[in-house]
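Protein chains: 2
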Amino acid sequence: MLSTFQEFSKQYKDITEKQLIEYVSRLHSPAVLKEAMAYSLNAGGKRIRPLLIYAVLSSFGKDPAAGIPAACAIEMIHTYSLIHDDLPSMDDDDLRRGKPTNHKVYGEANAILAGDALLTHSFQLIAEAGHPSVTPEMKLELISQMSKASGAEGMVGGQIADLEGENKELSLTELEYIHEHKTGKILAFSVLAGAVLSGAGEIERKHLERFSFHLGLAFQIQDDILDIEGSEEKIGKPVGSDLDNHKSTYPSLLTLQGAKKKLSEHIGAAHEELRNAGFESGLLHDITDMIGNRDH
Amino acid sequence: MLSTFQEFSKQYKDITEKQLIEYVSRLHSPAVLKEAMAYSLNAGGKRIRPLLIYAVLSSFGKDPAAGIPAACAIEMIHTYSLIHDDLPSMDDDDLRRGKPTNHKVYGEANAILAGDALLTHSFQLIAEAGHPSVTPEMKLELISQMSKASGAEGMVGGQIADLEGENKELSLTELEYIHEHKTGKILAFSVLAGAVLSGAGEIERKHLERFSFHLGLAFQIQDDILDIEGSEEKIGKPVGSDLDNHKSTYPSLLTLQGAKKKLSEHIGAAHEELRNAGFESGLLHDITDMIGNRDH
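Chains as they are written, first to last, in numbering that gives the first Met the number 0: chain A, 0 to 295; chain B, 0 to 295.
Quick caveat, the hints were computed from the structure, so don't treat them as lab data. Worth double-checking, as some hints may not be accurate.
List time: in silico BS3-like cross-link candidates among lysine-lysine, alpha-carbon distance up to 30 angstroms [stated by the list, open to error]:
1) A/246 / B/33
2) B/103 / A/246
3) B/103 / A/103
Using the sequences and the hints given, assemble the complete structure.
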């Protein structure tokens, strides 16, 4: 089972990365813009969001390839958000996954514009998706939901709340608002995109929605734990930065032990939703374990 | 005729501005984000892009109201581009239409994120457009074309080329590349959006495409002329800034007289395309004259 997951994961990670570069190389645009876009798309990462789309499609017995444009679209949005978050006026980070951040290499103006271009292109990918099983209505639902998940009511709203909460003692409710929006909504959209493309029914969607909610929080709690216990080499950025920045985190609000307990509860609840969803979801159970146990 | 145009223009400018604010006020987002988005959407301007959509629809005898979501989408994209262009790392402008620029009021991080949110929301507006005459296929074509016009192959590409060309003597070809992409593609998309929503045929589209090409260049040449001859009060920013910044412009490459001649040629060619297009286009002729004669 685990080996099936690893093969599946490797296969679709490769397909996604190749396709992302193909999309950018096709553009008729100034060279520096294409380079800056490709630089951050190439920076690696686990490609968890694309993997979620493919895994949902596969769980419904559909062709995972139907999810390639949407998977690349989400990865472009995720990448743009990292580029903009790293800017001097935001988190002012010099390193991302062990490499200099986009603005450190290309300058601030090009970094902002590379982010803008990635965000803009993501919608085109979905609008032009060519797989025969993808209907116009599916594409429009994906575009509408992707905009909600990544815009003012989703990721951008979460980033604003995160910046507002800096150097402030947050309540657990405020912290969860930030994470549910800043990272949760896009993870949830990835799962939803797989469900839309699979033609999932209302009940299956409900279970998947609650599954994503728990998965998203688990993801973020693990992120906070890794900032304390992780290895700088594996994470690709300095550990302990949250503490240095006096940032409210799950461990700071709940103690490290309490955060680990909460992580394990959300992982358990995510598995539970999958078990009740009534379809074959081995790959989604595996992704859940991967998120619970990840070390970078 | 002129009074019809002025009434039409006033009516749909008001509708657009009201609708833009309505879209933002509906968002469930942190207050400062909504304020920053509304601030720049409210900053006035001629709303030429929305007007082009409505005028094309009206020329085909269609209900201009079918274009409201697309018109608001384009105005959001135009507004986001102004917010990002004004940033310290780009043009570093303190004033826009006589008001402090977005980052001067809300800070750089919020300004970047307000721009990101406007761009993201624009695609949702088109995906969720409710007018009964708008089909899913039309929406997908609009989304695909809007992404092309505003992204790496359009406006963002033009802005990159503009930044690269700063403090450099440009050829007329390089200058036209910048303008065709930075401002021309979005103006052309506005016309195309009206054509798509009107169900225009291939030949009509061809004429409208050439019409937009000339209109876009005329618009930019007039912009350059106004930077020399305009009134600071009417433009809402200091005149002479291109000269101070050693920026290549039509007057700097062609002399002021030569630029005026070129403006008048493009205005003439735009009218000519409309006359040959074979449909009733009084409003489009009026917009063309407005662009040729504008003083701000």
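Status of each hint after checking the structure:
1. A distance of roughly 25 angstroms separates the Cα atoms of residue 246 of chain A and residue 33 of chain B; the hinted pair therefore holds under the 30 angstroms criterion.
2. The hinted pair formed by residue 103 of chain B and residue 246 of chain A meets the criterion: a straight-line CA distance of about 26 angstroms does not exceed 30 angstroms.
3. Among the hinted pairs, residue 103 of chain B with residue 103 of chain A is consistent with the structure: their alpha-carbon atoms are about 24 angstroms apart, no more than 30 angstroms.
Violated hints are absent here; each numbered hint is respected by the structure.
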